[in-house]
Amino acid sequence: MTEDEILQTLTRILRDLLMDDSIVLAMDTRREDVPAWDSFNYINFIVALEMEYGIKFKVSDVESFENVGAIVKQTKALRS
Amino acid sequence: MMNWLPAATDFRDQLKSILASADSNGRFDKLAALAHHRLNVIETLQLDGALGKCPRDAEATPAPIRLALLGANTLDHLAPAVRVAGLRRRILFDIHIGSYGQYRQELLNPSSQVHRFRPQIVLLSLSSRETLSALPLSSTEGEVQALIEQRIDEIRHLWRTARETLGAVVIQQTVLDVADPVFGSYDCVVPAAPCRVIARLNERMAQAASADGVLLLDIAGAATRQGIQFWHDRSRWLQGKLEIAPLAAPMYGEMLVRIVAAQRGMSRKCLVLDLDNTVWGGVIGDDGIEGIVLGEGSAAGEAHLALQRYAKQLSERGIILAVCSKNEAAVAEAAFRDHPEMILKRSDIAAFVANWNDKSENLRVIAEQLNIGLDSLVFVDDNPVERARIRESLPMVAVPELPEDVSDYVPRVAEAGYFEAVAFTAEDRQRAQQYAANTERDLLRGSVQSIEDFLKGLDMSVDYGPVTPVSIDRVTQLINKTNQFNTTTRRYSPEEVVARSTSSDGLAFQFRLLDKFGDNGIVSVMILRPDDNERDVLEIESWVMSCRVFGRELEHEAMNIAVEAARDRGVRALSADYIPTTKNGVIRDLFPSLGFAPSDKDTPSNGPSRWILDVKNYDAHKTHISRIEKPQ
Numbered sequence: 001m002t003e004d005e006i007l008q009t010l011t012r013i014l015r016d017l018l019m020d021d022s023i024v025l026a027m028d029t030r031r032e033d034v035p036a037w038d039s040f041n042y043i044n045f046i047v048a049l050e051m052e053y054g055i056k057f058k059v060s061d062v063e064s065f066e067n068v069g070a071i072v073k074q075t076k077a078l079r080s
Numbered sequence: 001m002m003n004w005l006p007a008a009t010d011f012r013d014q015l016k017s018i019l020a021s022a023d024s025n026g027r028f029d030k031l032a033a034l035a036h037h038r039l040n041v042i043e044t045l046q047l048d049g050a051l052g053k054c055p056r057d058a059e060a061t062p063a064p065i066r067l068a069l070l071g072a073n074t075l076d077h078l079a080p081a082v083r084v085a086g087l088r089r090r091i092l093f094d095i096h097i098g099s100y101g102q103y104r105q106e107l108l109n110p111s112s113q114v115h116r117f118r119p120q121i122v123l124l125s126l127s128s129r130e131t132l133s134a135l136p137l138s139s140t141e142g143e144v145q146a147l148i149e150q151r152i153d154e155i156r157h158l159w160r161t162a163r164e165t166l167g168a169v170v171i172q173q174t175v176l177d178v179a180d181p182v183f184g185s186y187d188c189v190v191p192a193a194p195c196r197v198i199a200r201l202n203e204r205m206a207q208a209a210s211a212d213g214v215l216l217l218d219i220a221g222a223a224t225r226q227g228i229q230f231w232h233d234r235s236r237w238l239q240g241k242l243e244i245a246p247l248a249a250p251m252y253g254e255m256l257v258r259i260v261a262a263q264r265g266m267s268r269k270c271l272v273l274d275l276d277n278t279v280w281g282g283v284i285g286d287d288g289i290e291g292i293v294l295g296e297g298s299a300a301g302e303a304h305l306a307l308q309r310y311a312k313q314l315s316e317r318g319i320i321l322a323v324c325s326k327n328e329a330a331v332a333e334a335a336f337r338d339h340p341e342m343i344l345k346r347s348d349i350a351a352f353v354a355n356w357n358d359k360s361e362n363l364r365v366i367a368e369q370l371n372i373g374l375d376s377l378v379f380v381d382d383n384p385v386e387r388a389r390i391r392e393s394l395p396m397v398a399v400p401e402l403p404e405d406v407s408d409y410v411p412r413v414a415e416a417g418y419f420e421a422v423a424f425t426a427e428d429r430q431r432a433q434q435y436a437a438n439t440e441r442d443l444l445r446g447s448v449q450s451i452e453d454f455l456k457g458l459d460m461s462v463d464y465g466p467v468t469p470v471s472i473d474r475v476t477q478l479i480n481k482t483n484q485f486n487t488t489t490r491r492y493s494p495e496e497v498v499a500r501s502t503s504s505d506g507l508a509f510q511f512r513l514l515d516k517f518g519d520n521g522i523v524s525v526m527i528l529r530p531d532d533n534e535r536d537v538l539e540i541e542s543w544v545m546s547c548r549v550f551g552r553e554l555e556h557e558a559m560n561i562a563v564e565a566a567r568d569r570g571v572r573a574l575s576a577d578y579i580p581t582t583k584n585g586v587i588r589d590l591f592p593s594l595g596f597a598p599s600d601k602d603t604p605s606n607g608p609s610r611w612i613l614d615v616k617n618y619d620a621h622k623t624h625i626s627r628i629e630k631p632q
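Heads up: the protein sequence lines correspond to chains L and A, in order. Number 55 in this note's numbering belongs to position 55 of the first sequence; there are no gaps in the numbering. Number 590 in this note's numbering belongs to position 590 of the second sequence; there are no gaps in the numbering.
Everything labelled a hint here was simulated from the structure, so no lab data went into it.
Derived lysine to any residue pairs resembling SDA-like cross-links, with alpha carbons at most 25 Å apart: (1) L/K56 / A/R12; (2) A/K516 / A/H621; (3) A/K241 / L/E50; (4) L/K73 / A/R234; (5) A/K53 / L/P35; (6) L/K56 / A/W237; (7) A/K53 / A/R66; (8) L/K73 / A/S235; (9) L/K58 / A/G227; (10) A/K345 / A/V293; (11) L/K56 / A/Q226; (12) A/K53 / A/R90; (13) A/K622 / A/V586; (14) A/K345 / A/R317.
None of these values were measured; they are calculated from a predicted model.
Here chain L stands alone, though its shape is the one from the complex (with noise of 0.2 Å):
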């Protein structure tokens, strides 16, 4: 699975999360960018990535993501 094919997948999720297909994630793209992307939907977002990918993010991995780019190489390494 490439970074790219994650980064899509992350679009999905997060697009389904705020219904709102304007949505466009790029690996430098940090939360706050994201109108109405709060804590709130953080943690959905969260819980959507570890259920479409069978995987469970540690807690220091959660709070310390940069930017989106941070969690797609997070999301790489556990699923290999």
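Place chain A on chain L using the hints.
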């Protein structure tokens, strides 16, 4: 989890197409249909988002219930799950979520947001953390007990506030046991060991709730069955103070709404069983009585027996049992009579339909025979094709998905929670016998010439009087569960019924019908109050009657009794509203048939109507029911 619901195919596409459709009227129905699938927490959030975009059409959607979720932890993630569980039953919720940890202040401060919100239901979701942090491990038995009592007193005070100042129904959630063992098995005998404290807290809370008429949401019990790791996820607790794991949120919402629905009389009433490979293993038509797999000596045979045992338990708590099977009736009935291992007997089955007709047709027959709605039925069938067909043709019938292995049939049916109850009354305990007696009454009906002879042969008497404290639970249950013979479909809490039965100017009558086959229990309730407009008129505010006694002239005798009570009080007339619903068409002509006249000639034929009866000129109806009057 939620495995009794069928899997959703193409959930994402279905949701998108519903949202894109121009027909906004049908949207609510389509979303409700989608809610009848097994949805995970994310799909639940999405469905809730779509529901939020659905215009609330006062005609097509019911009035929302105002629910306040209050508690010590983060509860925001539970609201979407509650709304979707509501959608599954076509109940809408307006939800107020209390601020984090502020439940005391919000309940006790009369100018708080909760008070302005005026909730009809208050849910208190507490955790064990506050209690545990106040109890060092070295605390003595007496110290633990004192602290728990103090905590219970505090919770009861909050309940009282919610009920008395907000007039809300209170639902108290049990506390999850999220503690780790400190000593090991020895925890069981250390008074302040966390698992002990939590167990006692839950036990005392249940006792207090029962004494105070508060309803319990027992997620602690659910967690014992389904696993604490499913219900509580430490990372989510650390990340956002979520005591309830997001993955468990849909189950939480479902369990909560079951209680709300049960209180509104929306729980299912009847378990309909298929026979071959459900009640027993094998096909009786092919294998014969001696060939079916049932009972000791075979693991599968014992599993089928376990399902029978569970059905029997349900029947003992007042759930009606029925059979719907593709079989020769004589062959199927012979198994009930002649197979030595059968736990269910023919007399346990209130409606027995075995033939080669389509099962959806037979389910209609069963509902009709039992005089209950199709939406009161749960149909258990091992055959996935039959299940799919019933869901398609009769979507109001609940049809659980069954696992491949018969050993899991019972837990599957049980976890589906179709028969959620908020009371267990004497009438519930006797219902099975009453239905068996009904079968005998029907035999009598078939053997006599006229309805007149039938009624005469029943030897009926009515035991009536004001509602008593002993019967308050049954009376409230009857009022809130009855949909057919219900003149106004007003619902009452036990407190409201008590208030009416003890008020000096109102009246609340209960009627118990007896006949030679037994006691039918309290089967009718009539609540009267002075008419708002005219003080010398008594208004029938609510009148309900169990469908089990339709056609027995009880409505006539009850009206005779009401008129006598009105005359005793020097009242000039009785007034009554008939408020039509989709379910009470059976009493459309009740008031005119009892001698009432329309109060306004121009009342539209399909809307609510008001009726008046002049008590002076009332001729008592002749009935076949004699009176047993209780001393007042």
